[in-house]
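Join the two chains into one complex using the hints; note that each chain is given alone, in its own frame.
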Amino acid sequence: MTPAEPHLYLQAQIRWHRLEIAFWVATLLPFLLFKSYLVLASQIAITGLFALSLDLILGYAGIVSLGHAAFFGLGSYAAGIVSKHGWGEPLTGLVIAAAVAGLVGYAASFVIARFRHLALIMITLGMGLLLHEAANSASWLTGGADGLQGVRMWPLFGYFKFDLYGVTAYTYSLAVLFLIFLAARRLIHSPFGLSLRGIRENPVRMPAIGAPSRAHIRKVYTISAAIAGVAGALLAQTTQTVSLEVLSFQRSADVLVILILGGAGRLYGGILGAVIYMVARDQLSGFNPQYWYFWIGIMLIVVVMFLPNGILGGLARFGASSRAKAA
Amino acid sequence: MIGPLVGVLFDGFAYGMLLFLLSVGLSVTLGMMNFVNLAHCSFAMLGGYVTVTLMNGLGWPFFATLPLAFLAAAVVSVVLERVLYRRLYRATDLDQCLLTIGIVFVSVAAAAYIYGTIQQPVRLPAYLHGSFVLMGINFAVYRLFLVGMALVITLILVASLEYTRFGAQVRAAVDNQRMARGLGINVDGAFAVTFALGSGLAGLGGALSIAIVGLDPSFAFTYLIYVLIVVSTGGLGSIGGSFAAAALLGISDVAGKYYVPQLGSFLIYLVMLGMLMWRPAGLFGKR
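Just so you know, the sequences run in chain order A and B. Residue numbers for the first sequence follow the working numbering, so the first one is 1 and each next one is one higher. Residue numbers for the second sequence follow the working numbering, so the first one is 1001 and each next one is one higher.
Next comes chain B alone, as it looks inside the complex (with noise of 0.2 angstroms):
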């Protein structure tokens, strides 16, 4: 009885810290920014390919891809902040969604008429497969790994934006533009940096995720809903709201589909709108 039950727990937690190290980023670019990102999962798709490509047409290891993943996902969302994005960070909404869209598309079109609609195949190396018994409980050694990622990442993120001086920085441009800039603190640069950052989380989420979800061109928009129902429901701006919202629906989504398997992928739908009815701001959001 108790086995099963913490084998889904883990189950549903490292499905969760997935769905973290996807959504991440856009708790940086949605949540600190203000900026309605919906092209959020074009950027881990990018990362994505940039490890399949790496991999398996360079034969590059699987770690080694992994910085690769991020810079080009940072860089390439620096050039659309400078180009496009940037002239939008006052407008409403709507505009911003509209323009991310406009970006997925052009995204799904691109990644189809590169790579074709096919699954891409994914090689993990030999000491991230299979997976150990302990205590009668079965852990898969890549679940772990991402668990560990998503910690890792966490701690960092939240010791570098809360505690330094360029996370100061940035906490103070989101908060008052004009004020920030009287102070002397280069708004645009920050604003640059944060985009850059959380768009490489992005590519680093896409890079690891891809082992379990499978990557094809309509990744940007399949997972797209996943991240925002993370950030939304977690809370704008707030990273450990992120965390525990993932956490929460990954949990609900893997116990949902093994023990109530007809409600299937509803549950978590009605977890986020019963969340969102309760907090409209979000577990821990503070607008």
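Okay, chain A solo, but in the shape it has when bound (with noise of 0.2 angstroms):
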């Protein structure tokens, strides 16, 4: 099964696989099927977004992070406040918020990368904490509790405007998901993905082989946390405006909820919780939130103890095993 030389692996690794391009050409159905979701398709590619962010660190690399809206949150801001003070055009914005939440991730790597285990998961879970009561207080800057009100974009490329049903939404950010998912599929597939698979399988081995953990760590929490901060500034041009919830711990469970339902450390795997969690979340909270959660937790229990390499993974063992009967 191991080919014997590297780069023959990762070069059967990049190509692509018919399932793949079935699955983007279904991310174009609901401008033809489910017109009135167009709204919803938008968020669900933006938790998507967001939910890779995370993979490429905690799937790939194997650093749990429970404060990962922290990045967010910070996108967020950044392109609500830029736009807020007179500057609405959407892709600098864009750049503005990957740029911001990058450098934080940046600092922020240089912590992370000393740390493992359970005081990793206090101290990205601390920051977390530590930015959200600092936006809450600073409210001359980002509004407080009541958000951050008065965000304008103009339209994208001069000439699409945002709409109510969410037209330009969903293109938008499926174009930007389509995008940074292209990059991240090929960061994976190099000899650096390969590298950061190492970490993740061996933290001690890799740097007695001689490979740098702690700058990859480094390299790949800060485009990390850029990629987080590109998924919040999409949400909120696509909104318009920015609450306190982006910062939440809330919003980082959720979004390793996500990750861990569809199977981390697969690149649809964020993607794919994030169809289910959300159409799921947009049908069933209908009655009440509160009892959402209760659902949720249930799926938590039921993939950790039955499915431990997510939705994706069970699908692949699935296939597998159902391809070795047939041979």
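Note that these hints are calculated values from the structure, not bench results. Backbone N, C-alpha and C fix where the C-beta goes; we use that ideal spot for every residue, glycine too. Check the hints yourself; a few may be wrong.
Claimed, not checked - Simulated coverage check for chain A against chain B, where a stretch passes if three residues somewhere in it have a Cβ under 8 angstroms from a Cβ of chain B:
#: 1; region: 124 to 138
#: 2; region: 217 to 231
#: 3; region: 296 to 306
#: 4; region: 310 to 318
As the list claims (entries may be wrong) - These stretches of chain B come out as covered by chain A in the derived footprint (C-beta under 8 angstroms, 3 or more residues):
#: 5; region: 1081 to 1090
#: 6; region: 1098 to 1105
Claimed, not checked - To give a feel for the contact side, a few chain B residues facing chain A, derived at Cβ under 10 angstroms:
#: 7; residue: Asn-1034
#: 8; residue: Ala-1112
#: 9; residue: Leu-1155
In structure tokens, the structure reads:
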């Protein structure tokens, strides 16, 4: 199974599978079939992008984070504040948000790379809470608990207005998701991506064979923070508002649940998890949001106990075993 | 000048002891057994609801409800331990985190379903009300009572884990499962009892703390963060460490809110981050 030459292995990985192409074609279906759900679809694309950013650090490098909403929120506020102060161009807003989140992520990565296990969980949690508090008390900048009001986006490319039905919003979010996904796919199938998986599998051995693990962790953490920032900026731009909720612990926990549900350490895990989670929430939380968490809790317990690699992991195992039977 | 300072120190210490009572059970389950049990405050919440139900529904006296709060949390936790937790003793931190977050979600939704999302009224007996003045400083009776409870529980726990045969068996089972099994120690039994003890203490802590912090379904999330802070800064497996960390965090939180109100809730997080960066294994951590 294992090819002798690493670059041959990587080349085999990078080839596009038929199912992947089918998946991306299917993302266009909402335009034809579910026109009234385009707003939801754009939320799904944004959440999928956020989950993808967490997948890079958690699924591939094995860095557990309970505070990833910090970067999502930073991006959201950066994009929102820039547009509130008179610069509503969406694409530069994204770049600014990515830069802000990436910079903070880079600074944080020096701390992150030093810790593992419980201390790491606590530090990421603590940083998330700290930022939430900071945004809450800096109400002159962020609007505090009332949320950031007065975000006005200019039309995309000066032509496509952000409409109420979410046509522009979904097109925009989906395009950004696809482009960043391509970049992440390339990154994961590069030698750098391989060494990240090495760090995940054995953090002690990697430095021993001469791989600079801490530098790798710093790099991937910065990239992941920047992507989370872009996801946050997309949310701010498409909804034209930013609430304190973007930085909440709940959001960090939700994205973790989404990624685990779909399958961590798989490129499509976060996106698939986002589709299932958001659609289920849209359908179920009609009764009462309180009870929605009951089902999420049950789902988490079931996934941890019976599907250790998420839904995609379960599907892959099922596929492998049915192929073995056929042969 | 001295009067307010001592008053702040006392209130901070009492708040720290409240945090300690909530988190001491976690320093048993997470600290000794190494299980990242984020559902700890769900057990505390269970204890709180047991006390409230017995007091308001059946008219029990406050003190009579405390043993039942302990028992209820312990019994529920043993069931969960046998069914779910036990399978994940060797799993990664992440899996343990996720399983227990799942339990928190379920418990929050269940509490909201049964009791609604309103704050539950807690009526303390008259002799625990009020305060007295000593040397110009105001001491609240219930806070003194909490401090006393915290000290008693610390003594009992340290004594029973360090100096009894059962304590030695538990420590052996945690340190080296295979060796302990080889020596004929009932490891499964020791783990189940330890877990029940930790969760029972959570139930007791919950019952004791609701008179000050209140009780609603979000309890399981709100205080989770505080107990995690206490246990991780105190150092895993060190009850004395949790005690010290709880006292330090309680005092810095209350003092911070009193003297530098604009810092607000920042201080407790800053203290935690600083301490963890200085000593990743916690104040008294061995690992």
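Taking the hints in turn, this is what the structure says about them:
1. 124 to 138: holds (count 8)
2. 217 to 231: With 0 residues in contact (Cβ-Cβ under 8 angstroms with chain B), the coverage given for the region 217 to 231 of chain A is violated.
3. 296 to 306: Result for this restraint: holds, n = 9.
4. 310 to 318: With 0 residues closer than 8 angstroms to chain B, the region 310 to 318 of chain A misses the three-residue bar; violated.
5. 1081 to 1090: holds (count 3)
6. 1098 to 1105: holds (count 7)
7. Asn-1034: 9 angstroms, holds
8. Ala-1112: 4 angstroms, holds
9. Leu-1155: Since the shortest Cβ distance to chain A is 27 angstroms, the answer is violated.
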